[in-house]
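Number of protein chains: 2
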Amino acid sequence: MTFRFELIHTSTTSKARIGKIYTPHGIIDTPNFVGVGTNGTIKALDNQAVHEIGLQLMFCNTYHLLLQPGTSIVKQAGGLHSFINRSLPIITDSGGFQVFSLAYGSIADELKGKGTKKQAGHVLKISEEGVIFRSYRDGQKVLLTPESSIEAQKDLGADIIIPLDELPPYHIEKNALEASLARTHRWEERSLHTHLKNPNNQAIYAVIHGGIDAILREKSCCYLTKLPFDGFAIGGSMGRTKQEMFEVLRSTMSHLPLEKPNHLLGIGDLTSIEMCVPMGIDTFDSSYPTRAARHGILLTQEGHVKIGRNSHAHMFSPPEKNCSCSTCTRFSLAYLHHLFKAKEATCMILATIHNLHFMVQLMQNYRTKILHNDI
Amino acid sequence: MTFRFELIHTSTTSKARIGKIYTPHGIIDTPNFVGVGTNGTIKALDNQAVHEIGLQLMFCNTYHLLLQPGTSIVKQAGGLHSFINRSLPIITDSGGFQVFSLAYGSIADELKGKGTKKQAGHVLKISEEGVIFRSYRDGQKVLLTPESSIEAQKDLGADIIIPLDELPPYHIEKNALEASLARTHRWEERSLHTHLKNPNNQAIYAVIHGGIDAILREKSCCYLTKLPFDGFAIGGSMGRTKQEMFEVLRSTMSHLPLEKPNHLLGIGDLTSIEMCVPMGIDTFDSSYPTRAARHGILLTQEGHVKIGRNSHAHMFSPPEKNCSCSTCTRFSLAYLHHLFKAKEATCMILATIHNLHFMVQLMQNYRTKILHNDI
Numbered sequence: 001m002t003f004r005f006e007l008i009h010t011s012t013t014s015k016a017r018i019g020k021i022y023t024p025h026g027i028i029d030t031p032n033f034v035g036v037g038t039n040g041t042i043k044a045l046d047n048q049a050v051h052e053i054g055l056q057l058m059f060c061n062t063y064h065l066l067l068q069p070g071t072s073i074v075k076q077a078g079g080l081h082s083f084i085n086r087s088l089p090i091i092t093d094s095g096g097f098q099v100f101s102l103a104y105g106s107i108a109d110e111l112k113g114k115g116t117k118k119q120a121g122h123v124l125k126i127s128e129e130g131v132i133f134r135s136y137r138d139g140q141k142v143l144l145t146p147e148s149s150i151e152a153q154k155d156l157g158a159d160i161i162i163p164l165d166e167l168p169p170y171h172i173e174k175n176a177l178e179a180s181l182a183r184t185h186r187w188e189e190r191s192l193h194t195h196l197k198n199p200n201n202q203a204i205y206a207v208i209h210g211g212i213d214a215i216l217r218e219k220s221c222c223y224l225t226k227l228p229f230d231g232f233a234i235g236g237s238m239g240r241t242k243q244e245m246f247e248v249l250r251s252t253m254s255h256l257p258l259e260k261p262n263h264l265l266g267i268g269d270l271t272s273i274e275m276c277v278p279m280g281i282d283t284f285d286s287s288y289p290t291r292a293a294r295h296g297i298l299l300t301q302e303g304h305v306k307i308g309r310n311s312h313a314h315m316f317s318p319p320e321k322n323c324s325c326s327t328c329t330r331f332s333l334a335y336l337h338h339l340f341k342a343k344e345a346t347c348m349i350l351a352t353i354h355n356l357h358f359m360v361q362l363m364q365n366y367r368t369k370i371l372h373n374d375i
Numbered sequence: 001m002t003f004r005f006e007l008i009h010t011s012t013t014s015k016a017r018i019g020k021i022y023t024p025h026g027i028i029d030t031p032n033f034v035g036v037g038t039n040g041t042i043k044a045l046d047n048q049a050v051h052e053i054g055l056q057l058m059f060c061n062t063y064h065l066l067l068q069p070g071t072s073i074v075k076q077a078g079g080l081h082s083f084i085n086r087s088l089p090i091i092t093d094s095g096g097f098q099v100f101s102l103a104y105g106s107i108a109d110e111l112k113g114k115g116t117k118k119q120a121g122h123v124l125k126i127s128e129e130g131v132i133f134r135s136y137r138d139g140q141k142v143l144l145t146p147e148s149s150i151e152a153q154k155d156l157g158a159d160i161i162i163p164l165d166e167l168p169p170y171h172i173e174k175n176a177l178e179a180s181l182a183r184t185h186r187w188e189e190r191s192l193h194t195h196l197k198n199p200n201n202q203a204i205y206a207v208i209h210g211g212i213d214a215i216l217r218e219k220s221c222c223y224l225t226k227l228p229f230d231g232f233a234i235g236g237s238m239g240r241t242k243q244e245m246f247e248v249l250r251s252t253m254s255h256l257p258l259e260k261p262n263h264l265l266g267i268g269d270l271t272s273i274e275m276c277v278p279m280g281i282d283t284f285d286s287s288y289p290t291r292a293a294r295h296g297i298l299l300t301q302e303g304h305v306k307i308g309r310n311s312h313a314h315m316f317s318p319p320e321k322n323c324s325c326s327t328c329t330r331f332s333l334a335y336l337h338h339l340f341k342a343k344e345a346t347c348m349i350l351a352t353i354h355n356l357h358f359m360v361q362l363m364q365n366y367r368t369k370i371l372h373n374d375i
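In order, the protein sequence lines correspond to chains H and Y.
The first sequence begins at 1 in the numbering used here and counts up one residue at a time.
The second sequence begins at 1 in the numbering used here and counts up one residue at a time.
Treat the hints with care, since some could be wrong.
[Said to hold, decoys possible] Facing chain H, according to a computed beta carbon distance under 10 angstroms, are these residues of chain Y, among others: (1) D46; (2) F316; (3) Y335; (4) K341.
If you are wondering where the hints come from, they were derived from the structure by calculation, not from laboratory data.
Note that CB positions come from ideal geometry on N, CA and C, so glycine has one too.
Build out the structure end to end from the sequences listed, making use of the hints.
Dropping the structure here:
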């Protein structure tokens with residue numbers, strides 16, 4: 001199956017839309033949540049469980065896979081799908097985000113999720129050619145260029161790939177932001193050029209930048225939508241607050257073509273999804289639901305449930321009423337509470353299953369509502 | 001189904017035997033390996049995976065469950081099978097082992113597996129009544145008596161329970177060992193008495209003690225086999241070396257009745273199983289296979305495989321050739337190696353599945369060999 005986006009319905013009451021992204025490894029119904037499997041696994045699950053949950057798209061990080069096990073090993077294994085035994089679609093990023101998120105500090109970390117800092121390497125040099133950083137694994141210098149990022153993503157063989165971009169910090173002078181944006185555009189164009197030499201049945205999404213400057217965001221859309229990208233991801237700093245982010249997104253979305261799919265990079269908390277689905281955003285990736293699970297937080301229709309709360313010791317009912325996930329249909333909240341208190345890894349497994357299932361259901365519900373013009 | 005042991009065949013070439021232990025939650029084919037699920041879960045697995053692997057008997061620790069979540073909560077949940085959602089047989093111990101293993105130090109720790117020390121509480125007082133220890137969870141004093149241990153095990157509702165015993169250290173004067181043994185016998189008799197007031201469809205195994213003294217072991221067998229226990233576990237220090245242990249076991253086994261099942265407490269490494277099956281030992285519990293898995297060691301027909309070994313980065317074949325476990329049929333050793341290097345919990349899950357499956361198969365193979373008098 002070749003990559004193709006089918007727009008099925010746009011709500012009559014908002015810009016919310018439902019569609020289907022066809023990929024070589026199957027269909028992604030949109031809007032949808034994209035689970036993060038940085039190292040080629042959703043943390044605390046194996047791919048059979050992920051498959052049963054019905055997660056249609058998984059996000060893997062080229063930065064991590066480049067340093068461990070190395071993309072040549074994945075290529076030898078027959079590509080990422082074969083290496084990790086996943087039959088459903090995968091998207092990889094360029095590696096740029098992790099390289100830059102350390103160099104530029106906290107706003108990006110905050111927006112994209114904490115914890116990258118510990119794992120990231122050190123940026124040694126940024127030039128027109130690309131970025132040199134020090135591997136967090138063995139201290140070696142690694143040069144990441146638009147070309148090498150795409151080559152790495154060819155080795156990985158994900159259904160959707162992403163060009164190399166620079167992630168400028170939130171606090172940046174306008175001139176510097178403009179210069180960064182211009183270079184990012186050149187990098188993305190070089191990435192596209194490399195990709196088109198060997199499309200390999202992969203799709204490539206551009207990444208729209210421009211920080212919180214509406215004019216620059218428009219400029220970025222204008223530049224990148226003229227190039228034959230298959231879809232558009234929205235990246236970069238989008239402000240300190242959710243409100244600021246929503247404003248950036250609203251104006252950015254108005255400059256993206258309706259006939260191509262779009263993706264919001266690294267954002268997938270429930271409030272953001274609720275605000276962004278009506279803007280017409282198609283896919284959201286975030287490690288939040290799985291990270292929350294590992295920290296003992298269940299996402300439910302009634303809000304967050306802290307597994308460790310003492311009153312849950314006696315809750316012999318399922319963690320979430322009427323939930324059809326394999327955790328809720330088999331185990332009580334009291335048992336999860338016990339496993340959490342006893343520091344058993346099994347708790348992380350069961351909570352991750354529930355939270356991913358919750359996200360899959362949540363997005364299914366959004367699609368149903370959009371179909372009925374209720375959003 | 002009421003508890004019953006059926007001796008099916010004794011090898012013509014050794015004392016190895018195959019049998020079936022019938023319990024309220026199903027059959028345990030013997031000889032067999034008993035997986036350790038201290039806190040009511042096999043570490044890093046959920047019970048669906050354990051069920052699929054075919055582990056027939058699971059060992060849960062009363063000491064841990066007493067302190068967290070408390071046996072009254074398990075009782076309210078309808079017992080341990082219901083609380084942890086396991087439909088197959090469970091055995092619980094008295095709690096004594098964990099209480100004493102801290103007080104008396106390293107030989108026991110070494111024999112029974114490392115790591116208990118950190119979790120154990122402090123023994124404050126041992127008397128005829130029982131043992132007072134300090135909870136490692138909240139510092140509270142807890143009195144464990146033969147009666148309270150059995151009551152706790154009634155709340156848990158395992159298929160097989162164990163009377164309270166004292167675990168004397170390896171380095172002990174003969175007089176002190178004799179005194180400890182005599183008290184242990186009185187404790188076990190009180191435990192049995194408490195059990196028989198409310199059998200609750202549970203079976204109770206005595207624990208044979210006597211340290212490395214063959215005469216005392218015989219005395220222990222003599223005393224305990226006269227009481228209406230349903231089976232016999234062999235516990236206590238059995239020496240510094242495997243050779244010493246095998247000698248203790250050989251002489252002890254000759255004093256146990258053939259018509260009742262026996263269990264070797266806390267020992268389940270491959271060498272010990274190989275040596276003990278021909279002595280007629282029926283069941284072995286050990287956390288070794290699951291702990292090894294979490295530390296990146298796979299048990300295979302060809303010996304131990306260290307997942308982290310660099311040369312495994314390129315091994316795109318299954319972790320073990322011809323293994324039918326759900327890890328080996330789905331993933332390569334290279335993928336496990338990658339997950340291990342990336343410190344992904346998924347590696348522990350997949351390795352635990354393999355090692356438990358290996359133990360289940362190993363014991364199946366022993367049973368087949370015994371049936372053909374090849375052992």
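**Q.** Numbered hints the structure breaks, given as an ascending list
**A.** none
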